[in-house]
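K.L.:
As a plain string of letters, each chain reads:
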Amino acid sequence: MSMTADAAIIGGGVIGASIAYRLAKAGKKVVLCERYDFAAGATGSCDQCVFLQSKNPGIHLKLALDSSAIFQDLSKELDYTIDYFKHGGMITIENEMEMAVMSDFAEKQKKIGLDVEIISRAEAAKRQRGLAGHLLGCTYSPQDGHVNPFKLTLGFVKAAQKHGALILIDAEVFGFKLESGRIKGIKTSKGDVEAGVTVLAAGAWSPVLAKTLDLALPIKPRRGQIVITEPVAPYVTGNLLSGQYIVAKYHPEILADSKSLAVRLGVGLSLTQTSKGDILIGATREFAGYDLRNTREAIREILKNASRLVPGLEDLHVIRVMAGLRPYTPDGLPLVGFVKDREGLFIAAGHEGDGIALSAITGVIARGLICDGKAYTDVSALDPNRFDA
Amino acid sequence: MTGSPENEIYICRCEEVTREEILAAIADGATTVKGVKIRTEAGMGLCQGRTCRRLISQMLARTRPPSDIYPPTIRTPVRTAKIREYTNGEDDL
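Chains as they are written, first to last, in the numbering used here: chain A, 113 to 501; chain B, 622 to 714.
Mixed in with the good hints there might be a few duds.
To be verified - Here are the simulated DSSO-like pairs of lysine-lysine, each with C-alpha atoms no more than 30 angstroms apart in a straight line:
1) A:220 to A:174
2) B:703 to A:416
3) A:174 to A:452
4) A:323 to B:703
5) A:323 to A:299
6) A:452 to B:703
7) A:141 to A:388
8) A:137 to A:289
9) A:361 to A:222
10) A:299 to A:198
11) A:388 to A:371
12) B:703 to A:274
Said to hold, decoys possible - The following label-pair restraints were derived from C-beta to C-beta distances:
13) A:284 to B:696: 56 to 62 angstroms
14) A:361 to B:709: 27 to 33 angstroms
15) B:685 to A:499: 21 to 27 angstroms
These are calculated hints, taken from the structure and not from any lab test. Virtual Cβ for every residue (Gly too), placed ideally from N, Cα, C.
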């Protein structure tokens with residue numbers, strides 16, 4: 113079967129689905145190809161957070177705030193229940209170093225428009241049971257939330273289909289169609305798709321496909337392991353992160369000399385509870401190539417870290433673990449835009465742990481750049497060519 | 622499909638997913654046990670699909686050859702385990 117479209121999208125994760133919806137709604141003829149099934153990669157193995165406080169003050173946080181505003185009414189817009197809840201979130205502060213980093217971080221975030229403050233341990237304990245006694249306090253923002261990543265992705269897909277998009281699952285993309293140097297679509301196990309624009313939204317697997325075009329993308333798979341508990345009555349209020357995650361992500365130099373296994377595995381707490389009651393306990397940030405296995409040492413370190421910060425968790429039962437490959441980029445920002453010297457190729461990948469949070473706004477940015485030649489705001493910081501020598 | 626008593630049978634007891642919901646997920650395009658799970662949450666509960674993955678595999682096998690169906694990913698733990706059981710262990714486990 114041979115198909116033609118305005119846009120061929122590679123990847124049925126939350127990013128590809130969000131872009132498919134926006135382009136189809138704008139009247140573009142869209143074909144999306146997904147190798148396995150929706151949310152089969154990093155999207156379906158994440159901690160469900162739409163966490164704003166973890167975003168770097170600047171364009172990163174601004175985009176997350178704009179994304180969060182879209183989530184607010186997205187169930188209605190898509191006519192599909194995505195289970196988005198804005199219950200607020202906290203980041204634990206364990207020592208003076210973290211207090212200094214988080215105070216500075218929060219001050220800068222306020223200037224971008226985030227409602228965030230530092231609260232005492234006593235105040236934090238009113239919001240979250242079971243917190244460790246040694247905490248100095250927490251940051252708190254009422255704007256943090258979470259969303260069901262499966263429902264979010266399916267919601268985008270169904271809405272895209274209503275606007276005429278052709279969505280193919282079990283459709284592996286083998287490579288690109290080229291015509292006198294220009295990218296003219298994709299070759300897939302379900303036939304060729306000829307398209308004016310080809311959107312590469314394959315997350316951590318994007319570099320593998322880009323390589324067939326001699327294009328070296330600065331994206332690396334970074335494994336995140338997460339533990340899932342039995343469903344229990346409401347226990348986690350909103351979302352809880354640990355300051356060590358912020359320090360590790362934005363001030364790696366502080367931890368550079370650490371010999372600890374937890375630091376080496378990039379362990380930072382991410383705690384949230386699903387609507388059904390399961391508690392998700394994360395996570396690691398490890399470079400392990402494309403290895404999707406869970407490891408005993410990581411599960412132990414995640415749980416040791418979590419029960420150190422929230423000892424109240426210790427009597428819960430683990431029912432499952434999962435691992436996802438987050439698409440890492442060197443500056444922590446995704447690549448969204450047209451690729452230089454590869455005419456016809458648009459990339460939207462490299463969101464690392466922010467894929468869910470930034471999914472809604474990534475679709476809007478992609479639609480702007482593809483349909484109007486510009487986004488609603490200056491997105492030059494996301495330019496996929498910014499690492500070119 | 623609706624109204625038939627056999628369609629009201631729970632295939633996944635933990636998440637209370639009925640046969641009718643599984644059939645709807647397959648009609649929606651699910652070709653694997655994981656695809657059914659994404660659409661219905663079957664297999665995500667306390668027993669982690671120990672019973673329903675076989676039943677769902679059988680239902681999928683009526684729509685496409687068994688050789689085309691990917692099995693679900695089985696992950697640790699082999700039975701539910703208390704967090705304390707992990708954290709109290711030896712460091713060189």
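K.L.:
Which of the listed hints are broken here?
P.N.:
Numbers 4, 6, 7, 10, 11, 12, 13 and 15 - these are the hints that the structure violates, sorted from lowest upward.
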